[in-house]
Every structure is written in C-alpha cells, then in structure tokens.
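**Student:** Under this note's numbering, the residue at position 200 of the sequence shown is numbered 230, and the numbers go up by one with no gaps.
Quick caveat, the hints were computed from the structure, so don't treat them as lab data. Computed from a predicted structure; not experimentally measured. Just so it is clear, CB atoms sit at the ideal spot from N, CA and C, and this is done for glycine as well. One thing to keep in mind: the hints can contain errors.
Per label pair, the in silico range of CB-to-CB distance [to be verified]: (1) GLU160 x LEU117: 21 to 31 Å; (2) PRO167 x ASN212: 37 to 47 Å; (3) SER170 x PRO71: 33 to 43 Å; (4) GLY105 x TYR208: 14 to 24 Å.
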Amino acid sequence: MATPPDPAANAGPLASLRRQLGPLLVWVALALMLRWVALEPRWIPSGSMLPSLQLQDRVLVEKLRARLHRPLPVGTVVVFHPPAALLDAGYDPNAALIKRVVAEAGDRVEVRDGVLWRNGAPAPLDWSAEPMGYSLPPLSVPPGHLLVLGDNRNASLDSHLWGALPREAVIGTAVLRYWPPNRIGWLRFSNPGHPPGGAEEVG
Numbered sequence: 031m032a033t034p035p036d037p038a039a040n041a042g043p044l045a046s047l048r049r050q051l052g053p054l055l056v057w058v059a060l061a062l063m064l065r066w067v068a069l070e071p072r073w074i075p076s077g078s079m080l081p082s083l084q085l086q087d088r089v090l091v092e093k094l095r096a097r098l099h100r101p102l103p104v105g106t107v108v109v110f111h112p113p114a115a116l117l118d119a120g121y122d123p124n125a126a127l128i129k130r131v132v133a134e135a136g137d138r139v140e141v142r143d144g145v146l147w148r149n150g151a152p153a154p155l156d157w158s159a160e161p162m163g164y165s166l167p168p169l170s171v172p173p174g175h176l177l178v179l180g181d182n183r184n185a186s187l188d189s190h191l192w193g194a195l196p197r198e199a200v201i202g203t204a205v206l207r208y209w210p211p212n213r214i215g216w217l218r219f220s221n222p223g224h225p226p227g228g229a230e231e232v233g
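Go ahead and model the full structure; you've got the sequences and the hints to work with.
**Tutor:** Laid out in structure tokens, this is it:
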C-alpha cells in the first residue's frame with residue numbers, strides 16, 4: 031500500500047520561508063505594540079538632570095500611568111512633549127524632554143533665597159544639587175498641570191521659565207536607568223536631598 035505524499039514536502043521553499051517568518055513577524059509586532067503602549071527606551075541628551083541623570087544615560091520610560099491618568103506624585107521623573115511656549119520658540123513637537131515633578135495641581139509654589147518652597151514650607155524632598163540662582167514668584171499649579179524642574183536647576187529650561195506642564199503632554203515616567211551598566215538603578219527609588227554643591231549621584 032503506497033504512502034500518501036506529504037504536502038509539506040512538496041510545498042516548496044516559499045511555503046517554508048512563510049513558516050519561518052510567521053513567528054518572527056508576530057514577535058516583532060508584539061515588541062512594537064509593547065513599545066507603543068507600555069515601555070520605551072530613551073537617552074539623555076542634555077545636562078539638565080545632573081547629577082541624577084548623566085549625559086548619554088539610557089532610561090526606560092513606562093507609559094501606562096500617563097495613559098491611564100494615574101497620579102504622578104512629587105519626585106516622579108517624567109518624559110513629555112514640549113509645551114506650547116517651547117513650540118512657539120521653535121521646538122520640534124515630536125521632541126521629548128525630561129524633568130522631575132516638584133509640585134502637583136493645587137500646590138502653592140515659589141523659589142526664594144535659593145530654596146524651593148511648596149505650600150508654605152521648604153520642600154522636604156528636593157533633588158537639586160545646589161541652591162537655585164533664581165527666584166520664582168508664588169504661584170498655584172492649575173488643575174490638570176504639574177510643575178517640573180530639572181535637577182540641575184541653574185541649567186535647565188523648565189517650568190520656572192515656561193510655566194506649568196499640562197498633564198496631557200506627559201509621555202511617561204522614567205523608571206529605570208539601564209545604561210551604563212555600573213549605574214543601573216530604579217529611578218523611582220532615588221535618594222533625594224543632596225547637600226548644596228554635592229556631587230552624589232542618584233541611582
């Protein structure tokens with residue numbers, strides 16, 4: 031009795047290629063979906079977040095909290111699209127900036143004598159490496175906005191110059207530095223409170 035022919039054996043090289051590429055294409059699609067919805071790698075192009083984040087550091091940005099409108103509390107490092115004031119100044123609308131949340135909607139904020147004040151008291155958690163060389167008149171953060179500053183306060187283009195950041199501009203939160211290997215660390219659990227002028231890194 032003759033054995034029936036195996037259709038797969040006569041399918042030809044094109045069918046074999048389809049079988050090999052199919053799973054690969056599925057994984058690529060899943061990876062792209064994960065990047066679009068949940069996680070995205072970014073690199074640090076400027077010194078505005080020194081000493082917490084160094085030039086050329088690589089960080090992972092999680093995007094679910096922003097998409098689900100979850101709270102972004104004080105201390106969170108956020109990545110965001112340029113606000114209107116920067117777009118008017120010629121910034122690319124697809125650019126991404128990175129700063130730290132220092133006040134939420136409803137907070138009363140000012141900078142005087144080189145110190146950030148929040149709700150009538152010096153901010154107990156402040157990641158600045160040195161006293162601020164500018165003043166900021168008292169202001170209330172409006173609903174749906176955040177006040178964001180670079181940790182390198184005296185060399186950062188941030189809310190003290192262009193105002194509060196609309197929540198809808200937030201892309202996500204930087205949660206993990208994954209490069210360089212000797213400074214891998216979770217950014218949410220960084221240690222605040224550098225002494226003025228200190229060079230301690232936050233990891």
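**Student:** Would you pick out the hints that fail for this structure and give their numbers low to high?
**Tutor:** Violated: none.
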